[in-house]
Amino acid sequence: MISAQAIIELRNLHYTWPGQNSPCLVIETLTIHTGERIFLHGPSGSGKSTLLGMLGAVHTPQAGELRVLGESLPTLPATQRDRFRADHIGFIFQLFNLVPYLSVIDNVILPTHFSDRRRKLATPERATVEAEATRLLTRLHIDQHLWQRPVTTLSVGQQQRVAAARALIGQPEILIADEPTSALDAALQEDFLTLLMHECATAGSTLICVSHDQRLAANFDRSIDLATLNHAATRASHSV
Amino acid sequence: MKHLIQLASRSAWNRRLTLGLTLAAIAFSTLLLLGVERLRQDARENFALSVSGTDLIIGARTSSVQLLLHAIFHIGATTTNMRWSSYQELSTHPLVAWTIPITLGDSFHGYPVLGTTSAYFEHFQYGHKQALQFNTGAPFKQLFEVVLGAQAAAQLQLRVGAQITLQHGSGDLAHAEHADKPFTVTGILAPTGTPVDRTIHIPIEAIEAIHLDWQGGAPIPGVSISPEHVRKFDLTPKTITAILVGLKQRAAVFRMQRWVNTYPADALIGIMPALALDELWQVVSVVERLLLAVSTMVVIVGLIGLLAVILASLNERRRELAILRSVGASPRDLFILLTLEGLGITVVGALSGVALLTLLTISLSPWLQSHYGLVITLRWLNMNEIALVIGIISIGLLASIIPGYRAYRMSLADGLTPRL
Amino acid sequence: MIRFPLLYRLLQYLLQHLPQYLPQHLLQRLLRRLLRHLLHHLIHHLIHHTKLTRLMLLILCGGLIHVHPGVLINESIAGGRVEYRVGERLAPTKKPSTSAFKDTAWDDLMPKDWNPGKAFNALNLSALDDADPRAAKALSQLQTALDNAPVVSALNGARIRIPGFLVPLENQRGEITEFLLVPYFGACVHTPPPPANQIIHVFPNKPIKNDMMEAVWVSGILETTRSNTGLGAAGYRLKAELVAPYQR
Numbered sequence: 000m001i002s003a004q005a006i007i008e009l010r011n012l013h014y015t016w017p018g019q020n021s022p023c024l025v026i027e028t029l030t031i032h033t034g035e036r037i038f039l040h041g042p043s044g045s046g047k048s049t050l051l052g053m054l055g056a057v058h059t060p061q062a063g064e065l066r067v068l069g070e071s072l073p074t075l076p077a078t079q080r081d082r083f084r085a086d087h088i089g090f091i092f093q094l095f096n097l098v099p100y101l102s103v104i105d106n107v108i109l110p111t112h113f114s115d116r117r118r119k120l121a122t123p124e125r126a127t128v129e130a131e132a133t134r135l136l137t138r139l140h141i142d143q144h145l146w147q148r149p150v151t152t153l154s155v156g157q158q159q160r161v162a163a164a165r166a167l168i169g170q171p172e173i174l175i176a177d178e179p180t181s182a183l184d185a186a187l188q189e190d191f192l193t194l195l196m197h198e199c200a201t202a203g204s205t206l207i208c209v210s211h212d213q214r215l216a217a218n219f220d221r222s223i224d225l226a227t228l229n230h231a232a233t234r235a236s237h238s239v
Numbered sequence: 000m001k002h003l004i005q006l007a008s009r010s011a012w013n014r015r016l017t018l019g020l021t022l023a024a025i026a027f028s029t030l031l032l033l034g035v036e037r038l039r040q041d042a043r044e045n046f047a048l049s050v051s052g053t054d055l056i057i058g059a060r061t062s063s064v065q066l067l068l069h070a071i072f073h074i075g076a077t078t079t080n081m082r083w084s085s086y087q088e089l090s091t092h093p094l095v096a097w098t099i100p101i102t103l104g105d106s107f108h109g110y111p112v113l114g115t116t117s118a119y120f121e122h123f124q125y126g127h128k129q130a131l132q133f134n135t136g137a138p139f140k141q142l143f144e145v146v147l148g149a150q151a152a153a154q155l156q157l158r159v160g161a162q163i164t165l166q167h168g169s170g171d172l173a174h175a176e177h178a179d180k181p182f183t184v185t186g187i188l189a190p191t192g193t194p195v196d197r198t199i200h201i202p203i204e205a206i207e208a209i210h211l212d213w214q215g216g217a218p219i220p221g222v223s224i225s226p227e228h229v230r231k232f233d234l235t236p237k238t239i240t241a242i243l244v245g246l247k248q249r250a251a252v253f254r255m256q257r258w259v260n261t262y263p264a265d266a267l268i269g270i271m272p273a274l275a276l277d278e279l280w281q282v283v284s285v286v287e288r289l290l291l292a293v294s295t296m297v298v299i300v301g302l303i304g305l306l307a308v309i310l311a312s313l314n315e316r317r318r319e320l321a322i323l324r325s326v327g328a329s330p331r332d333l334f335i336l337l338t339l340e341g342l343g344i345t346v347v348g349a350l351s352g353v354a355l356l357t358l359l360t361i362s363l364s365p366w367l368q369s370h371y372g373l374v375i376t377l378r379w380l381n382m383n384e385i386a387l388v389i390g391i392i393s394i395g396l397l398a399s400i401i402p403g404y405r406a407y408r409m410s411l412a413d414g415l416t417p418r419l
Numbered sequence: 000m001i002r003f004p005l006l007y008r009l010l011q012y013l014l015q016h017l018p019q020y021l022p023q024h025l026l027q028r029l030l031r032r033l034l035r036h037l038l039h040h041l042i043h044h045l046i047h048h049t050k051l052t053r054l055m056l057l058i059l060c061g062g063l064i065h066v067h068p069g070v071l072i073n074e075s076i077a078g079g080r081v082e083y084r085v086g087e088r089l090a091p092t093k094k095p096s097t098s099a100f101k102d103t104a105w106d107d108l109m110p111k112d113w114n115p116g117k118a119f120n121a122l123n124l125s126a127l128d129d130a131d132p133r134a135a136k137a138l139s140q141l142q143t144a145l146d147n148a149p150v151v152s153a154l155n156g157a158r159i160r161i162p163g164f165l166v167p168l169e170n171q172r173g174e175i176t177e178f179l180l181v182p183y184f185g186a187c188v189h190t191p192p193p194p195a196n197q198i199i200h201v202f203p204n205k206p207i208k209n210d211m212m213e214a215v216w217v218s219g220i221l222e223t224t225r226s227n228t229g230l231g232a233a234g235y236r237l238k239a240e241l242v243a244p245y246q247r
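Chains as they are written, first to last, in numbering that gives the first Met the number 0: chain A, 0 to 239; chain B, 0 to 419; chain C, 0 to 247.
Calculated directly from the structure, the hints in this document are not laboratory data. Since the structure is predicted, the reported quantities are computational estimates derived from the model, not experimental observations. Check the hints yourself; a few may be wrong.
As the list claims (entries may be wrong) - Here chain B is said to cover these stretches of chain A; the calculated rule only asks that three of the stretch's residues, wherever they fall, bring their Cβ under 8 Å from a Cβ of chain B:
1) 188–201
2) 221–228
As the list claims (entries may be wrong) - Below, simulated DSSO-like cross-link-like pairs (lysine-lysine); rule was C-alpha separation at most 30 Å, straight line:
3) 208/C with 238/C
4) 247/B with 140/B
5) 111/C with 247/B
6) 205/C with 101/C
7) 117/C with 136/C
8) 128/B with 140/B
9) 180/B with 237/B
10) 247/B with 231/B
11) 231/B with 101/C
12) 128/B with 136/C
13) 111/C with 238/C
14) 140/B with 1/B
15) 237/B with 111/C
16) 237/B with 140/B
17) 205/C with 117/C
18) 180/B with 128/B
19) 111/C with 101/C
20) 101/C with 136/C
21) 1/B with 119/A
22) 111/C with 136/C
23) 111/C with 128/B
24) 237/B with 117/C
25) 1/B with 128/B
26) 128/B with 238/C
27) 247/B with 205/C
28) 180/B with 247/B
29) 117/C with 208/C
Cβ atoms here follow ideal geometry from the backbone N, Cα and C, with glycine treated the same way.
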């Protein structure tokens, strides 16, 4: 369900890595609405990871506006940005998503340690966070006998699904996935995306997925080409 | 904070092999430091408790420390003795309340033999002005009778009524024995925790008696004087090793000391036991401080090892730190996490060292007591030792801050996408 | 540091007086370090916007400064060992005693009319030959007079406070339970002993720690004792209620 309300708004954003001369990201405008499923694609070097870091409140732009959920992120002090990320954003990476010395369940409940909001949402009617974790894991087709296992014994596909459960616990408003299917077999990629989107829809979360694989674009509501969006990238490619 | 502690302990448990080795290093270095400190203190206490209520110890002129060590602790040997006539004049001095003459030189299975009079059992005090007590039996009255210290009796398994023969000279070497003049045990003293426990006490005339037919350390060939006949000779000693003196007025000790030091008929020295002991500690304190410095250095080496292990692991953990950041950990949380790991290992290591110290005390103290007369008591850590443990933990904390800080900076720089 | 003079003075006072109540100098050093740590932390926390980076650097600097103890707080304040010369006497304090004990000088312990040197001074030394036995005899007579020095019986029961040098008599477990108090340093070893009315036999009501307490203030009730030695000499005893280190 896409609402008309903008959940992410970018305007005239500039970001330069410290120590670099030319900016890495120059974006005029970008608006994402609540409940949308966005596919961000672009070649390597087009600033995908930087933009994700920007949206994830990790990096602060040197110039421009960045509003997420109504909050202007650049104006927040560092501790509040960390709390914002903990409360409202879930992450899925391409590889090595999970903390190796924790069990599957412990990995899934990690975000509830750092966010009171997500812990409360994960424990309705005085249930435990473990119960919610097991519920999500079941819906993501992770068998019960795997729950207490160390994560290093799982296959890549299983690990990605556990990562998705962790990103979803406590119903964060935004889900950011950086190449989530790139390490999976072709057969599993579609299944994973379907599962993920289904859960996002249930939770009402906005999904932003970054990938270089154009074939996945069909599953999403909107497809954004970062190479055109990011003027720094187009400039760079034109100047070559 | 609680979940950070949980994360830190899980993470440490995951690397328990390497961290366990550094923990062992810290535990042993703590044991070394605490052990050295405790031995030092117990040795001092033991020494200080060995003599009490004695105003002066008088002997042939030598260094005060040497006289103290020989007369009270039976360590070392005197080069010369003092005259019996000096003792006689001294015991009639108006300032003197009591005197105990003593002579050393013989031994019995490594235990020193002390020749003295009954005044020893009346006036000798130790600890906090405690007098000697008898466990069984009574002081000697006859010539060839002996009173044993508690430990000598226990180790040699001798009881009242047993017979022993003494050996000439001190030390463990098999010396010529005074085999023809056996002694009967008449009494065994109660334990004192002082060198008295390891001493064999015989009447001072008996020393003369057993050496009557000896010359220069060996029996005169062809001459043998039986125990019954010795009493026909004059058994008054010509020389003795030292005298323990108690004064009627303790404040008069300086006067008495001057009288002894300027005594014209004999080369004497009078020492105040407490001051001589202080002198001894001054000499020993240099070594003590050196030992303490070395032990501290060892602890620091152990902590540097811990630091190296944690820092080395940091590089592989960049991905893990990025994941933690993505689920909402702030760089400050990561700083706390890494610091907690180092601090936790230090604390557990230090406490293990304390546990090891207790174990070692329990197992070694009987051996130390029987071989060295050193009494190490099992007790809680005193203020000084607790300060040492706190010192170790705080240095560990300071050291752990370094990887914590590195993790903090790394996570800031890496963000969510570390350069692996 | 100047901004918080009260805090600094409080810490200075603590560091000055804490050591005497602690068992070992090692503990003193460690506590000193901890206090300095606290000082660092306090002051720099009160300054705004202390970023974590700066705080870390400051704590580490504080840790390094411990290697140079003299930098921040003067070492001598915290009571290091003071060296005395043989024969040296203690100067009377500038601050009068505020307690119930009366400040007493060693001269007060000698009767005013006692003059042991009278016979000695009457001797005309220039009229004697070298190694004249009369000179030696006069000297030994002087010594005997000093040995039999009378006490001031009026001081029996007086509550006094007097500084002096400590000569231990009973020293158990590092605690002194009985000692002699003498007016000058080295009275036991090198110089001739003090006269009998310049030695006090002190019984502290609590055992005192042995460390570094050579010169002390003793406060208590003085007693004069009758001699039973037959030599006619008496002496002073004191039940000490307070024994404190003497600060220059």
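- Tell me, in ascending order, the numbers of any earlier hints that this structure violates. Going through the list in order, the structure violates hints 1, 2, 10, 11, 12, 14, 15, 17, 18, 20, 23, 24, 25, 28, 29 and respects the others.
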